[in-house]
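Chains C and Y are the protein sequences, given in the same order.
Per our numbering, the first sequence starts with residue 65, numbered consecutively.
Per our numbering, the second sequence starts with residue 143, numbered consecutively.
Calculated directly from the structure, the hints in this document are not laboratory data.
Fair warning: this is a prediction, and the values are worked out from it, not measured in the lab.
C-beta: ideal position from N, C-alpha, C; glycine also.
Accuracy of the hints is not assured; some may be wrong.
[What the hints assert, rightly or not] According to the in silico footprint, chain C covers these stretches of chain Y (three or more CB under 8 Å from chain C):
1. 154–164
2. 182–188
3. 202–215
4. 223–230
[What the hints assert, rightly or not] Computed Cβ-Cβ distance ranges for the label pairs, DEER-style:
5. C:145 x Y:250: 29 to 39 Å
6. C:93 x Y:223: 33 to 43 Å
7. Y:150 x C:84: 26 to 36 Å
[What the hints assert, rightly or not] Dumping the calculated SDA-like pairs for lysine to any residue here, alpha-carbon to alpha-carbon at most 20 Å:
8. C:153 x Y:255
9. C:153 x C:143
10. C:153 x Y:230
11. C:153 x C:98
12. C:153 x C:99
13. Y:181 x C:141
14. Y:181 x Y:223
15. Y:181 x C:153
16. Y:181 x Y:199
17. Y:181 x Y:200
18. Y:181 x Y:146
19. Y:181 x C:138
20. Y:181 x Y:145
21. Y:181 x Y:254
22. Y:181 x Y:167
23. Y:181 x C:101
24. Y:181 x C:102
25. C:153 x Y:143
26. C:153 x Y:227
27. C:153 x Y:226
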Amino acid sequence: MNPSPIGGLIETALVAVIVAAILCALVRVARGPTLPDRVVALDLMTVLGLGLLTVYAMATDEPVFLDIGIVLTLVTFLATIAFAYYLEKSADAELPGDER
Amino acid sequence: MNEIVFGTLMLVGAALMLLAAVGVLRLPDLYTRMHSTTKAASLGVALLLVGAAVHFQDYGVAARALATVTFIFMTSPIAAHLLGRAAYFVGTPLWPGSVRDDLRGHYNRRTHELESVITRPSRRTLLRLPRVRRKPLGGDGRAPRP
Numbered sequence: 065m066n067p068s069p070i071g072g073l074i075e076t077a078l079v080a081v082i083v084a085a086i087l088c089a090l091v092r093v094a095r096g097p098t099l100p101d102r103v104v105a106l107d108l109m110t111v112l113g114l115g116l117l118t119v120y121a122m123a124t125d126e127p128v129f130l131d132i133g134i135v136l137t138l139v140t141f142l143a144t145i146a147f148a149y150y151l152e153k154s155a156d157a158e159l160p161g162d163e164r
Numbered sequence: 143m144n145e146i147v148f149g150t151l152m153l154v155g156a157a158l159m160l161l162a163a164v165g166v167l168r169l170p171d172l173y174t175r176m177h178s179t180t181k182a183a184s185l186g187v188a189l190l191l192v193g194a195a196v197h198f199q200d201y202g203v204a205a206r207a208l209a210t211v212t213f214i215f216m217t218s219p220i221a222a223h224l225l226g227r228a229a230y231f232v233g234t235p236l237w238p239g240s241v242r243d244d245l246r247g248h249y250n251r252r253t254h255e256l257e258s259v260i261t262r263p264s265r266r267t268l269l270r271l272p273r274v275r276r277k278p279l280g281g282d283g284r285a286p287r288p
């Protein structure tokens with residue numbers, strides 16, 4: 065059993081790259097001018113979290129974590145679809161009468 | 143050999159994911175940012191999962207990884223399409239340097255119908271056409287070519 069979960073050089077490099085990507089997406093979440101920008105960045109952050117999960121599963125030799133990835137992608141997809149539905153309905157509701 | 147294969151796959155995948163994140167940070171527009179995340183991040187996580195399948199060398203793990211990749215490749219374009227459509231209806235602005243917006247003036251946002259006739263703004267201002275002065279018919283009976 066490896067005492068540290070992230071052992072080798074490849075794993076360290078992968079975690080560094082993915083964490084840098086998550087920080088970039090986090091800056092866009094904080095700064096995004098509109099609501100869909102933030103949703104796109106959050107969507108990207110869950111995909112990046114899935115990548116981090118895969119690296120963690122590989123570093124600890126526990127393939128069980130890949131099952132969490134399936135659930136995570138499903139939840140992300142449903143959340144994005146629900147948000148798009150809500151956004152479209154709200155856009156329909158606040159449309160003025162004579163606007164085309 | 144095995145380590146070289148999965149190390150290359152995972153490093154390329156992580157680099158693609160970083161590319162997607164940098165695109166989200168740097169691109170000027172919601173739609174361009176969405177194109178960056180949808181394609182680069184999907185391919186990046188797919189390469190990571192294939193790398194994990196190569197690393198574990200187990201049929202069960204490989205089947206789960208491939209199922210996840212298939213699911214991502216099937217759902218990511220649908221989610222991006224729905225989100226882009228909703229963002230267009232909300233009125234998220236395009237980048238000012240965008241070349242064309244095919245739906246502008248053709249789309250009835252109330253009934254969600256496409257129309258072939260451009261209602262407003264007018265076609266001339268939309269396409270930046272010059273104002274054409276219509277001449278009477280020439281002596282040969284044909285309409286003058288514009």
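Results for each hint:
no., hint, verdict
1, 154–164, "holds (count 8)"
2, 182–188, "holds (count 4)"
3, 202–215, "holds (count 8)"
4, 223–230, "holds (count 5)"
5, C:145 x Y:250: 29 to 39 Å, "violated (24 Å)"
6, C:93 x Y:223: 33 to 43 Å, "violated (22 Å)"
7, Y:150 x C:84: 26 to 36 Å, "violated (19 Å)"
8, C:153 x Y:255, "holds (16 Å)"
9, C:153 x C:143, "holds (15 Å)"
10, C:153 x Y:230, "holds (13 Å)"
11, C:153 x C:98, "holds (17 Å)"
12, C:153 x C:99, "holds (14 Å)"
13, Y:181 x C:141, "holds (15 Å)"
14, Y:181 x Y:223, "holds (12 Å)"
15, Y:181 x C:153, "violated (27 Å)"
16, Y:181 x Y:199, "violated (27 Å)"
17, Y:181 x Y:200, "violated (28 Å)"
18, Y:181 x Y:146, "violated (25 Å)"
19, Y:181 x C:138, "holds (18 Å)"
20, Y:181 x Y:145, "violated (26 Å)"
21, Y:181 x Y:254, "violated (28 Å)"
22, Y:181 x Y:167, "holds (15 Å)"
23, Y:181 x C:101, "holds (16 Å)"
24, Y:181 x C:102, "holds (18 Å)"
25, C:153 x Y:143, "violated (53 Å)"
26, C:153 x Y:227, "holds (12 Å)"
27, C:153 x Y:226, "holds (14 Å)"
In terms of the numbered hints stated before, the structure departs from hints 5, 6, 7, 15, 16, 17, 18, 20, 21 and 25, listed from lowest to highest.
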